[in-house]
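Enquirer: Sequence:
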Amino acid sequence: MTAVDGDQVASDSYDARALQDKWQARWAEENPFTAGEDPADDRPRSYVLDMFPYPSGDLHMGHAEAFAIGDVVARYRFQLGENVLHPIGWDSFGLPAENAAIKNGTHPAEWTYANIETQAESFKRYGVALDWTRRLHTSDPEYYRWNQWLFLRFFERGLAYRNEGLVNWCPKDQTVLANEQVVQGRCERCGTEVVRRSLNQWYFRITSYADRLLQDMEQLEGKWPERVLLMQRNWIGRSTGADVEFRIEGRDEPVTVFTTRPDTLYGATFFVVAADAELADELCTAEHRADFEAYRDQVSRLTDIERQSTEREKTGVFLGRYAVNPVNGERIPVWAADYVLADYGHGAIMAVPAHDQRDLDFALKFGLPVREVVETGEGDPAETGAATAGEGRLMNSGPLDGMSKGEAIERIIGILGERRTGSAAVNYRLRDWLLSRQRFWGTPIPIVHCPACGEVPVPDDELPVRLPDDLKGADLAPKGVSPLAAAPDWVETACPSCGGAAQRDTDTMDTFVDSSWYYLRYCSPHAEDAPFDVDKVAEWGPIDQYVGGVEHAILHLLYSRFFTKVLYDMGMVSFTEPFRRLLNQGQVINQGKAMSKSLGNGVDLGEEIEKYGVDAVRLTVIFSGPPEDDIDWADVSPAASLKFLNRAFKVMAEAGAASVPGTDPAQGDVALRKATHQALDRITSAVEAHRFNVAVARLMELVTAARKAIDSGPGAKDPAVREAAEVVATTLSLFAPYAAEEGWERLGHAGSVAIGNWRTPVPELLTQESVTCVVQVSSKVRDKLEVAPDIAPEDLERLALASEKVQGFIGGKEVRRVVVKAPKLVNVVVA
1 MTAVDGDQVA
11 SDSYDARALQ
21 DKWQARWAEE
31 NPFTAGEDPA
41 DDRPRSYVLD
51 MFPYPSGDLH
61 MGHAEAFAIG
71 DVVARYRFQL
81 GENVLHPIGW
91 DSFGLPAENA
101 AIKNGTHPAE
111 WTYANIETQA
121 ESFKRYGVAL
131 DWTRRLHTSD
141 PEYYRWNQWL
151 FLRFFERGLA
161 YRNEGLVNWC
171 PKDQTVLANE
181 QVVQGRCERC
191 GTEVVRRSLN
201 QWYFRITSYA
211 DRLLQDMEQL
221 EGKWPERVLL
231 MQRNWIGRST
241 GADVEFRIEG
251 RDEPVTVFTT
261 RPDTLYGATF
271 FVVAADAELA
281 DELCTAEHRA
291 DFEAYRDQVS
301 RLTDIERQST
311 EREKTGVFLG
321 RYAVNPVNGE
331 RIPVWAADYV
341 LADYGHGAIM
351 AVPAHDQRDL
361 DFALKFGLPV
371 REVVETGEGD
381 PAETGAATAG
391 EGRLMNSGPL
401 DGMSKGEAIE
411 RIIGILGERR
421 TGSAAVNYRL
431 RDWLLSRQRF
441 WGTPIPIVHC
451 PACGEVPVPD
461 DELPVRLPDD
471 LKGADLAPKG
481 VSPLAAAPDW
491 VETACPSCGG
501 AAQRDTDTMD
511 TFVDSSWYYL
521 RYCSPHAEDA
531 PFDVDKVAEW
541 GPIDQYVGGV
551 EHAILHLLYS
561 RFFTKVLYDM
571 GMVSFTEPFR
581 RLLNQGQVIN
591 QGKAMSKSLG
601 NGVDLGEEIE
611 KYGVDAVRLT
621 VIFSGPPEDD
631 IDWADVSPAA
641 SLKFLNRAFK
651 VMAEAGAASV
661 PGTDPAQGDV
671 ALRKATHQAL
681 DRITSAVEAH
691 RFNVAVARLM
701 ELVTAARKAI
711 DSGPGAKDPA
721 VREAAEVVAT
731 TLSLFAPYAA
741 EEGWERLGHA
751 GSVAIGNWRT
761 PVPELLTQES
771 VTCVVQVSSK
781 VRDKLEVAPD
791 IAPEDLERLA
801 LASEKVQGFI
811 GGKEVRRVVV
821 KAPKLVNVVV
831 A
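In this text, residue positions in the sequence shown follow UniProt numbering: the first is 1, and each later residue adds one.
No lab work stands behind these hints, which were simulated from the structure alone. Fair warning: there could be bad hints in the mix.
[What the hints assert, rightly or not] Okay, derived cross-link-like pairs now, BS3-like style, lysine-lysine, Cα gap no bigger than 27 angstroms in a straight line: (1) 611 with 124; (2) 674 with 472; (3) 472 with 103.
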């Protein structure tokens, strides 16, 4: 591909393919982006990290956006002369590789590492400024050994445990799914209807860190997108209220419920137990057993997200039992329903239908009583169908009558305490992290199950527990248990404690474990005696800028924050938050929709690069809008980016041919010098504010100004033209590295343009002698004034009102007010 018309490529013309070949080879030879480790290196350190990719195939348009954005951040830091760590690795365990191995009759490693090599070459072609010496793959035994080591440290601290629990189960893939992997009740990957089943699983006790996960968000305010912080707060879901004990007729032990509104206890008219909770099975009477079991089977096909949807019609069955309200002794019926979750609170709730919409919907459907206990001035919920959830004065509540919400909560908690039937409590929406997966291609859990000793950790000196090499293809097909169970030579082992016959745990870890600490491994990727060098992490961490998609706003980021806090408590890191700043990018869509084969609207990154070149694709991605916005490829123009690159390249080439480095720019055209430094100032501000599209726009203006000076001004020999061309090269290196490197070389400079060449604007050249002020009368432009940039608002108002044109349009009308936005706008509002 040649980026000019005609058969010949002129010396000052931009040839994308030729430059890509030339500079890829040069970068591979010189490794200009390797982070420095010399203790005498006193450059400021900067750790910039992109969320690492999964090797599902070659790079796609989503990668093109994400890594172009992250590269701008890293390259700017390189330009400032900082010692930058910008590493690359692959999140290479996971279900797609296993499914591909089953389909192709191979081992997952074959598919995985072949794709990694394909992506690695594409990253190099894409010109990303990466430190290739720190490359890692989470499926390497050298990496997952430390997953196992960390698991054992969590196990020792009581943070890793095994328990029976209800999970989302895909019957086809035969594995546990997170709620986020279930879409409209079906497996995200294979489309099979998901069911709920009880399994003995491994968990991380993330709930022990719930308060710290919330409190430490103060460190991230203004540095992470607010919507991400809100999503995490909502996911953790801290609620204050009370635990209240309800006696169940015919049961010795009371049942505890958590409520955020203990003040409404007198309004509880029925009791609800999660249909899939053991308690529901225990409480159901023989008379209602058949209906209950049929209903429980129905509920097992729903995900937690579906069950909590306010759009679903409420369902449930009466269990034939009654609970006793602890404050008034009233007998209230016990129901099983799907809108209560077994693992939220205590798996049961008191239902106050007048003041909770879900309870009201349920009560109205099944003809249960509705009793108001808070006077809010709204209509009767039993008649309006709308629960009154607001605050008001208590009524129908005995000793609480007339109290406000706060007063009533304090009083009722006191009453419950006196009667020993309740106390103040805190509850969380956050559940412990279920990390067991019944699949092969993941980190084996380093626990041995011994009939005599129970759960026994594998000794550290026997790590890693490696995956067997002889399982592949059909051996990995889902069988209801982990494929590892089909490898008896691997499963059967000796107990590390007593030496007796024992079995290895056959589950593997959730791949979120891999990505919860990989950023620490990059600091010392070849460490052999620890997951990472503590001193190196102290030098580089925490990450200064993290770049990735908002789809990871909850789980990946939450789990990474959890790991960091545990490691802090272990004395292995000196910080409690892993990522100082977070930058989210949007999606690349086409014709208003997400790209997909079924829609026929996919855009192939390789084809776009072949047609327009890497620089044009990267520049198009960056110029399309702010990083967080979606890019509709149907609305952008790589061809236009290519035309601009030709213009910019010619400016650099012509300036390089006409002058030599070191020419004093102060001898050049003053107007162009001012345009250059004003552009540089605006570009710097835009880049630091992550408004990269604005920086490109200012760069385009500078190229236009330089082109004008060459064609109709002092010409390419002018020192100011060289200065402008050099600023074009350094700025362009953030977005279009091939053109920038070649342009810098054409300008006579040795070394990479990307390292330490950012300039500081000269303050004297940033001043403007005058600016144009628009004067409006009742929001219509009536005059324009040339004024000093620092004119005082009162002086500007006086000048505007003195304008003959303005006075002509005011006429004899009353001037109601004058809006002054010095120095650029005055609006005279008349009657």
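Enquirer: Could you run down the list of hints and mark each one as holding or not?
Expert: To see whether the hints hold, each was checked on the structure:
1. 611 with 124: Within the cut-off at roughly 18 angstroms; holds.
2. 674 with 472: violated, 66 angstroms
3. 472 with 103: holds, 10 angstroms
Checked against the numbered hints above, the structure breaks only hint 2 and satisfies the rest.
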